[in-house]
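Based on the sequences and whatever the hints tell you, model everything.
As given, the protein sequences belong to chains A and B, one line each in that order. According to the working numbering, the first sequence is numbered sequentially starting from 1. According to the working numbering, the second sequence is numbered sequentially starting from 308.
Worth flagging that the hints you see were computed from the coordinates, not collected in a lab. As the structure is a prediction and not an experimental result, all values here were calculated from the model. Heads up, a few of these hints could be off.
Calculated pairs, DMTMM-like style, for lysine to aspartate or glutamate (alpha carbon to alpha carbon, straight line, at most 20 Å) [to be verified]: (1) B:Lys579 <-> A:Asp103; (2) B:Lys317 <-> A:Asp105; (3) A:Lys218 <-> A:Asp199; (4) B:Lys411 <-> B:Asp482; (5) B:Lys415 <-> B:Asp474; (6) B:Lys367 <-> B:Glu351; (7) B:Lys317 <-> A:Glu204; (8) A:Lys154 <-> B:Asp356; (9) B:Lys357 <-> A:Glu143; (10) B:Lys415 <-> A:Glu15; (11) B:Lys411 <-> A:Glu15; (12) B:Lys443 <-> A:Glu48; (13) B:Lys367 <-> B:Asp356; (14) A:Lys218 <-> A:Asp103; (15) B:Lys317 <-> A:Asp103; (16) B:Lys357 <-> B:Asp551; (17) B:Lys575 <-> A:Asp103.
Covered, in the sense of this in silico footprint (three residues per stretch, anywhere, with C-beta under 8 Å from a C-beta of chain B), are these stretches of chain A [what the hints assert, rightly or not]: (18) 27-40; (19) 96-108; (20) 145-151.
Here a beta-carbon is modelled for each residue, glycine too, at the ideal position from N, C-alpha and C.
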Amino acid sequence: MTANTRKISFEGLRELLGGYFFILPAVLIFSVFYIYPFVQTFILSLREWNGISLNSQFIGFDNFQEILQDGVWWLSMWHAAYITLIALTFQNALAFALALSCDRDIRLRKFYRVVFYLPPVLSEVVVGLIWQWILYAGMQNGEHVGLLNYFLTKIHMNHLVHAWLSDPKTALTCIAIVHSWKGFGWGFIILLAGLQTIDRQLYEAARVDGAGSFSIFKNVTIPMMIPVFVMVMILTILGSMQVFVLVLSMVGQGLVYHTEVPVTRILASMTGTSRFGYACALGIVFGLILMVFSFTLNKISRKFKQE
Amino acid sequence: MFHNKYRAAKTLTSILTHIFLMAVAATCLFPLLWMVRSALMTNETIFTDKSFIPQSLHFKNFYLAWTAGGFATYFLNSVLYTVCVVFGIVLIASLAAYAFSRLKFPGKNFFFYIFLAAMMIPLPGSFVPLYVLMTKLHLANTRIGYILCMINVGLSLSIYMLKTFFDKMPSALEDAARMDGCSRIGIWLHVALPLARPAIAVIIIFNTLNVWNEYVLAMLLLNDQSLMPLQRGLMVFQGSHSVDYPLLMAGLSITVAPVVLVYLFMQKHIIKGLCAGAVAG
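Structure below.
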């Protein structure tokens with residue numbers, strides 16, 4: 001009798017430990033490389049620390065107060081918002097137009113899908129360096145070396161020739177356009193997948209009721225797609241606001257304020273001025289702003305659904 | 308009459324649609340072709356010859372980039388990191404996902420939600436304490452340090468994707484194996500993993516691309532050129548040889564070629580993974 005119960009409890013214990021054994025490696029790695037840095041970000045944000053010395057100083061919310069008056073930081077935020085705005089409008093409109101074109105029985109659909117998703121599988125370093133070479137502004141023997149400027153002189157549009165990536169007026173727009181070039185194929189795939197889940201019978205029914213193409217588009221396609229739109233918008237915002245490898249590979253890592261984005265500011269606070277606490281505080285402020293954006297968009301989309 | 312008009316309009320829209328789609332497709336392909344084309348020029352002809360197909364093709368650049376440019380080291384490092392990280396992720400994530408889906412133990416949901424939350428909450432500055440931690444543990448500037456960090460990066464999404472797959476998978480075979488006295492580890496290895504092959508394929512390809520294309524952690528953690536993967540190597544190369552564009556383009560081509568090959572053969576899985584990832588995020 002006692003032997004029996006002991007056996008059961010032993011089995012139960014084994015069962016219990018078995019589960020933990022399975023998740024142990026994942027939890028270990030995750031705790032060390034995700035949770036610990038996550039918590040440390042908040043602790044460090046309240047401190048002033050140069051990253052080397054053994055003691056750091058507790059300074060309360062001074063870092064956060066300083067952020068409020070940090071002009072370069074908010075400028076970098078505006079730059080990221082500008083890139084995001086172009087991605088939200090230009091990139092997503094293009095993606096949706098392409099998705100609509102590929103949603104019907106059209107020849108070469110597979111080919112288009114493969115080609116459009118090619119830029120998104122390339123790395124930001126690769127994309128940035130290729131475009132940097134195309135936009136290159138150097139001259140040799142009185143001829144433009146970069147393809148774009150060379151092309152512009154050949155079609156007699158010399159007034160458009162530009163130092164695209166060093167001119168503060170054009171650098172950010174170039175980055176935004178290259179970012180959109182890299183990203184539209186991703187939006188295309190998601191939007192196309194969304195379009196293809198719409199029941200074809202809805203279209204048929206609308207057509208039988210005498211609705212024209214535009215009216216079907218407005219009253220069937222758009223309402224059905226709103227959840228997908230919101231998801232694409234949220235992911236575009238999160239991705240574009242955090243862009244920075246593209247900036248490094250296109251314009252380099254020098255102190256060029258006209259192409260600063262939030263993540264390059266965090267990096268500069270860390271590796272440049274060795275203010276680790278301030279860098280963490282910047283990260284927290286940035287993360288909170290991103291969260292507020294995606295939560296608000298989510299809320300708005302829920303409201304749409306209820307109506 | 309009406310029918311013909313309708314048909315003509317349809318053909319016209321179809322032609323216009325194709326022109327639009329072809330134009331966009333051309334902008335996708337052209338920069339890559341221009342990269343390969345620039346890799347085949349010499350340091351002189353690249354500044355003078357602007358034709359799309361140059362008069363003489365200079366294949367030596369690939370050899371020079373591979374040897375003198377250091378891309379052999381970068382390439383082998385990238386392969387090593389990718390293989391180790393992807394193997395680690397598949398092993399660790401499938402163990403955890405199997406437990407989250409099939410086994411019973413207290414705190415199961417708590418742990419799973421922590422992994423989920425990690426995917427939802429963006430914390431852009433967390434690489435600062437991560438760098439500090441790696442330095443303290445003497446893992447900065449080591450291969451194992453970079454590999455562990457990258458395993459962590461891919462873990463949450465892979466666990467999520469595998470768990471949803473296991474949840475949908477019927478457990479009849481596993482139950483039969485248990486009746487036959489197979490241990491849980493045995494069931495996981497011999498029954499569950501082979502059945503989950505489609506999901507594992509998605510995870511392998513998704514993470515392969517992710518590791519191959521990673522730059523941020525490689526920049527923060529690796530300082531020795533002998534340890535750098537391709538993406539980091541490219542940026543270092545560009546910084547020091549900023550004039551030598553043909554070699555840089557050859558290095559870029561070396562970096563891109565495996566990605567394009569993997570992509571062309573596996574694009575079905577890649578797109579599946581993308582949609583799953585987007586829904587989770």
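Subject >> Which numbered hints fail >> reply: none
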